[in-house]
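Protein chains in written order, with our numbering: chain Z, 1 to 161; chain A, 1 to 207.
For the record, the hints were derived by calculation from the structure and aren't laboratory data.
Since no wrong hints were added, every one of them can be taken at face value.
Here are the simulated DSBU-like pairs of lysine-lysine, each with C-alpha atoms no more than 30 Å apart in a straight line:
no., chain 1, residue 1, chain 2, residue 2
1, A, 188, Z, 18
2, A, 175, A, 92
3, A, 188, A, 175
4, A, 175, Z, 18
Example chain Z residues on the side facing chain A (calculated, C-beta under 7 Å, incomplete):
no., residue
5, 28
6, 60
7, 69
8, 80
9, 85
All residues carry an ideal CB built from backbone N, CA and C; glycine is no exception.
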Amino acid sequence: MTVDVSRQAADPNLICQKVEESLVEYLSGNLEPADRDAISTHLLSCHACLFAAAEVAQWRASMRSATSPGPEVRERLWRAILAEVEPSVPQDADVRRLPSTSGPSPVNVPPPLAAAGAVPGLDLLGPVVLWVAGVSRLQAPQVALALPMGLSLDLPFFRHR
Amino acid sequence: MRVLEPRSSDQDPDLPLLEATAAGDVVAFRNLFERYVDPLFRFALSRLGDRSLAEDAVQETLAAVWRGARSFAGRSKVSTWLYGICRHTIAKIVSRHRVAQVELAGGALETGFPAAGVFIGCDDEAGQIDRKVDIEQALRELSPQHREVVVLAMVNGLPLEEVAELTEVPLGTVKSRLHWARIYLARKLSDDVGRSGLRGREEGRWK
Ligand SMILES: [Zn+2]
Numbered sequence: 001m002t003v004d005v006s007r008q009a010a011d012p013n014l015i016c017q018k019v020e021e022s023l024v025e026y027l028s029g030n031l032e033p034a035d036r037d038a039i040s041t042h043l044l045s046c047h048a049c050l051f052a053a054a055e056v057a058q059w060r061a062s063m064r065s066a067t068s069p070g071p072e073v074r075e076r077l078w079r080a081i082l083a084e085v086e087p088s089v090p091q092d093a094d095v096r097r098l099p100s101t102s103g104p105s106p107v108n109v110p111p112p113l114a115a116a117g118a119v120p121g122l123d124l125l126g127p128v129v130l131w132v133a134g135v136s137r138l139q140a141p142q143v144a145l146a147l148p149m150g151l152s153l154d155l156p157f158f159r160h161r
Numbered sequence: 001m002r003v004l005e006p007r008s009s010d011q012d013p014d015l016p017l018l019e020a021t022a023a024g025d026v027v028a029f030r031n032l033f034e035r036y037v038d039p040l041f042r043f044a045l046s047r048l049g050d051r052s053l054a055e056d057a058v059q060e061t062l063a064a065v066w067r068g069a070r071s072f073a074g075r076s077k078v079s080t081w082l083y084g085i086c087r088h089t090i091a092k093i094v095s096r097h098r099v100a101q102v103e104l105a106g107g108a109l110e111t112g113f114p115a116a117g118v119f120i121g122c123d124d125e126a127g128q129i130d131r132k133v134d135i136e137q138a139l140r141e142l143s144p145q146h147r148e149v150v151v152l153a154m155v156n157g158l159p160l161e162e163v164a165e166l167t168e169v170p171l172g173t174v175k176s177r178l179h180w181a182r183i184y185l186a187r188k189l190s191d192d193v194g195r196s197g198l199r200g201r202e203e204g205r206w207k
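The task is simple: from the sequences and hints, build the whole structure.
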């Protein structure tokens with residue numbers, strides 16, 4: 001897909017439509033940096049798309065929470081899997097020293113995302129990290145003002161500029 | 001100006017973990033487990049509609065990964081391979097427990113999505129309960145095909161190309177399913193907060 005989301009493009013509605021179509025990939029960090037940056041720029045100037053992005057991010061957080069296995073199931077799964085594969089696990093493997101499921105994520109996941117559960121691809125983070133009030137502090141007040149109650153939006157891409 | 005292309009040049013971060021797992025490294029396997037236990041559980045739950053069966057699916061999948069790590073041929077990303085094993089395992093469980101009819105029926109389905117203990121994103125308790133019910137209801141009402149795409153792409157964050165490969169449908173179909181699922185969710189979930197992106201559009205652009 002080749003779409004121009006720059007300010008020079010003629011039809012704002014078409015730009016917004018393309019941005020909205022890419023929001024899931026954007027929030028997952030699955031876009032090339034140039035595309036990601038173009039959408040980040042658009043979000044700071046378009047109220048509707050910013051709301052849409054906040055909305056998708058909130059659904060994602062809610063669905064993650066609703067479909068999480070939870071710590072007990074995670075631990076039970078790990079024990080069950082170890083028991084199932086035990087004959088092939090090296091005898092000197094001390095599983096008690098393995099990292100705990102409640103500990104920090106073993107692969108670098110940014111803290112807000114780690115809180116939502118380690119997900120493949122998220123360590124290759126996209127620019128917008130959204131999580132909820134009470135968990136985060138606002139980093140971009142002018143953006144946060146535009147968001148519905150209970151939501152905050154962090155734009156590390158802009159912070160680093 | 002070329003934009004909106006999926007990124008493709010990144011190294012697969014899971015490959016070193018899988019290679020070490022293949023060599024018998026339990027700590028690497030544990031890291032793989034940590035990275036995939038939640039996404040695979042969500043995927044299995046979305047297909048099986050039962051937490052206990054989803055747990056079985058994840059257990060069988062990751063045990064198979066330990067045993068079969070050496071057979072990974074590198075023709076796909078590790079994540080695609082893992083999800084593929086999980087999908088195969090889910091199919092076995094579906095036939096074992098005769099839940100295939102449920103998946104094929106479509107329409108309003110009992111997915112078994114549990115009540116979230118803490119429903120983040122709301123400030124007041126009444127709001128929490130309403131929104132929790134809303135999101136579970138909305139997920140239940142999606143067709144199995146739309147629900148699968150929502151869970152893989154929107155919740156687990158898989159690239160759409162990977163979702164297409166995994167679900168064995170064209171990329172355009174994945175995009176279309178995601179598009180309609182998003183519109184459905186917006187209509188279903190946004191009434192109570194009055195901030196739908198679609199309605200935001202009608203209110204005009206930010207000056
Ligand atoms: Zn827009």
